[in-house]
Amino acid sequence: MSKLRVGIMSFAHLHAEGYIQNLRSMPDIEYIGFADHDAERLEKFGKQFDSKTYPDYAALLAEKPDAVIICSENNKHRELVELAASAGCHILCEKPIATNEADGQAMIKACADANVNLMIALPMRFSATAQQIKASLAKEGMGKIFCANTTNQGENPDYHRAWFSDKTLAGGGAVMDHTVHVVDLLRWYMNAEPIEVYAEVDNLFNKDNRLDVDTAGLLMITFDNGVFVTLDTSWSRPSFYPTWGNVKIDLIAERGVLRTDYFNQKLTVYEDQQQKPLWHFWGSDPNQGMIEEFFASIRENRPPLITGEDGLAALKVVLAAYDSAKQHDVVSIEHNNKS
Amino acid sequence: MKVGIIGAGSMGHAHAVGWKNTDAKIVGVLSGNEANAKILADALDAKVYSSYDGLLNDVDMVDICAPTFLHKDYVLRAAKAGCHIICEKPIALTVDDGLEMIRACEAAGVRFFVGMVLHFFPEYMSMKNAIASNAVGNPKVVRMTRASYRPKKADDNWFMDESKSGGMILDLMIHDFEMSRWLTKGEVIRVFAKSVRSEHPGELADHCLSILRFDNGTMAHIEGSWAYPLPMFSVRAEVAGDDGLIEWESDKTFPLQQYMHKSNDDASDVALPGSPLTEDPWAAEVKHFYNAVVNDTPFRVSPLDALRGLQIALAVKESAKTGKPVSIKAVEVEA
Numbered sequence: 001m002s003k004l005r006v007g008i009m010s011f012a013h014l015h016a017e018g019y020i021q022n023l024r025s026m027p028d029i030e031y032i033g034f035a036d037h038d039a040e041r042l043e044k045f046g047k048q049f050d051s052k053t054y055p056d057y058a059a060l061l062a063e064k065p066d067a068v069i070i071c072s073e074n075n076k077h078r079e080l081v082e083l084a085a086s087a088g089c090h091i092l093c094e095k096p097i098a099t100n101e102a103d104g105q106a107m108i109k110a111c112a113d114a115n116v117n118l119m120i121a122l123p124m125r126f127s128a129t130a131q132q133i134k135a136s137l138a139k140e141g142m143g144k145i146f147c148a149n150t151t152n153q154g155e156n157p158d159y160h161r162a163w164f165s166d167k168t169l170a171g172g173g174a175v176m177d178h179t180v181h182v183v184d185l186l187r188w189y190m191n192a193e194p195i196e197v198y199a200e201v202d203n204l205f206n207k208d209n210r211l212d213v214d215t216a217g218l219l220m221i222t223f224d225n226g227v228f229v230t231l232d233t234s235w236s237r238p239s240f241y242p243t244w245g246n247v248k249i250d251l252i253a254e255r256g257v258l259r260t261d262y263f264n265q266k267l268t269v270y271e272d273q274q275q276k277p278l279w280h281f282w283g284s285d286p287n288q289g290m291i292e293e294f295f296a297s298i299r300e301n302r303p304p305l306i307t308g309e310d311g312l313a314a315l316k317v318v319l320a321a322y323d324s325a326k327q328h329d330v331v332s333i334e335h336n337n338k339s
Numbered sequence: 001m002k003v004g005i006i007g008a009g010s011m012g013h014a015h016a017v018g019w020k021n022t023d024a025k026i027v028g029v030l031s032g033n034e035a036n037a038k039i040l041a042d043a044l045d046a047k048v049y050s051s052y053d054g055l056l057n058d059v060d061m062v063d064i065c066a067p068t069f070l071h072k073d074y075v076l077r078a079a080k081a082g083c084h085i086i087c088e089k090p091i092a093l094t095v096d097d098g099l100e101m102i103r104a105c106e107a108a109g110v111r112f113f114v115g116m117v118l119h120f121f122p123e124y125m126s127m128k129n130a131i132a133s134n135a136v137g138n139p140k141v142v143r144m145t146r147a148s149y150r151p152k153k154a155d156d157n158w159f160m161d162e163s164k165s166g167g168m169i170l171d172l173m174i175h176d177f178e179m180s181r182w183l184t185k186g187e188v189i190r191v192f193a194k195s196v197r198s199e200h201p202g203e204l205a206d207h208c209l210s211i212l213r214f215d216n217g218t219m220a221h222i223e224g225s226w227a228y229p230l231p232m233f234s235v236r237a238e239v240a241g242d243d244g245l246i247e248w249e250s251d252k253t254f255p256l257q258q259y260m261h262k263s264n265d266d267a268s269d270v271a272l273p274g275s276p277l278t279e280d281p282w283a284a285e286v287k288h289f290y291n292a293v294v295n296d297t298p299f300r301v302s303p304l305d306a307l308r309g310l311q312i313a314l315a316v317k318e319s320a321k322t323g324k325p326v327s328i329k330a331v332e333v334e335a
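Chains as they are written, first to last, in the numbering used here: chain A, 1 to 339; chain B, 1 to 335.
Simulated from the structure, these hints should not be mistaken for laboratory data. Be careful, since some hints might not be right.
Calculated lysine-lysine pairs in the DSSO-like style (CA-CA distance at most 30 Å, straight line) [as the list claims (entries may be wrong)]: (1) A:Lys-316 / A:Lys-248; (2) B:Lys-128 / A:Lys-144; (3) B:Lys-128 / A:Lys-207.
Nothing here was measured: the structure is a model prediction, and the numbers come from that model.
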């Protein structure tokens, strides 16, 4: 099997730091380096990861990689996807797909026109816990699902990358950042589409008056199978919390209740240097499974498990939540085509 | 002080433990179920009464542990008879009834206390103290869960009759609605909620998810359930402030774990949360009421607090029923 040659477009998203290591661990992948429009990041992460760097995206694409992983700021996804698609590269793009629907649709079209795969980085489906739940639900182990209480709470990501709390670059704050993972998981678990959203959204975790985006969000999402789901997207974990945040889903169903804490496989480590407990996650890395699926879809010449349409379906919930919070009313989502 | 207990179910028994630790004398017990009344009366060395007016003649205070739909009548008659009153939650089934009860007690000059017992659970006191000492800054997003199984009383299961108990949202979630106000020092202005009852009519499961917004900007997510399997009673609370975070889960803080081979029949009729404590919260509550009446000192939680909790619960029920957000303005006693 010939090696797939892969590059990374931008190190803006911190996940790039994980992906580069995933890529380098894979024997059938040749990691060729990364480009970034930010010279400082190019310099910093080039050194940190001892990686080849390219001064601009054209230079990276001129190396004719088979595939790229796009980890730019959210509002640059479209530009970079269109660039990579026109160079004939398959694309794994960070979530959310885009900051607005038109960009998301343009990205899907660009990839369809260029006949390349577009996968959105929603790795939770590849969590070993999620896989086990999916299998159990498929066997109707829980009976009919009624509702779910979910959280994807986090620390303020701008402790690590300032652009996450820049309205233009990120497209929003906590709701933009933390809605799509749970929505994607539930769409996949239930094979159902979100049709209605109510949300309270505000900038509540902003003590030093530093931020101009939403930092708190409580959503109620109703799916077309009648299941209703609350989701807490808030950046409500303090900087001294033992980890970055959580993904939790409590499913209330006919035959009982299934509580899941996807990152609960952890050690609590008390370290002199830190003077605070830290949680070291020791569960299986969902990113590895996601990246393997991306390359498998390329080699098998088929669509990836998570498509641009999936990314767009999740983004629609985000946009509806912002609308609802403005109107203080329920907002409907036009029905998505199931992928 | 002479006391009469009205109602001899699980709450009547829980309160009786508290009365034993006061110097009050329990004179009588009155219950719709005479057999239950006799068991409790015998344990307290008290008399079984069949007439409420007869009981009111003989006592200085009443402890109303009767089903919710009877609260109003018992409270109004006790006030008229000049008796001080401790009454189980919810205060009443409607805001108007609750207002009438508060006003009647004020007019009669009797003390009126509603058993919002969470104020006597040390975990919530501890949360309140942490917030008061500015440990986490200002509360911004509060999350509370109270999840249990359906009350399974064998006879006369009034909990399951919404016209008598108000249903799960009024009977169970009211604790956390009221507590969220107290912890965040705000009043609720808007609620949105869905329940299995509203979305999946005909199902046995009863589970509600609600989103509250307060006048100070704070948000809360309150979950209540009578949909868990026996014998679970799981309680969670989280207060995310702008300068820190409080997390608590009953399942994770139980100091003992006992795993026994047993049947579901071993679960009590009505699930009560309880970490081992030297004084259980219901007993602490009864003592607090008694001491406050005897010493003429303020109650820790007022009937107006209880009424505002009810008001939120009713708004949540309405939202779940209509599928629309419901705006409210905190009720006042003064017209």
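Hint check results:
1. With a C-alpha separation of about 21 Å, the suggested pair Lys-316 (chain A) and Lys-248 (chain A) falls inside the 30 Å cut-off, and the hint holds.
2. Using a Cα cut-off of 30 Å, the hinted pair Lys-128 (chain B) and Lys-144 (chain A) is violated, with the two alpha carbons roughly 39 Å apart.
3. Restraint check for Lys-128 (chain B) and Lys-207 (chain A): the C-alpha separation of about 20 Å stays at or below 30 Å, so the hint holds.
In the structure shown, a violation is registered for the earlier hint numbered 2 alone.
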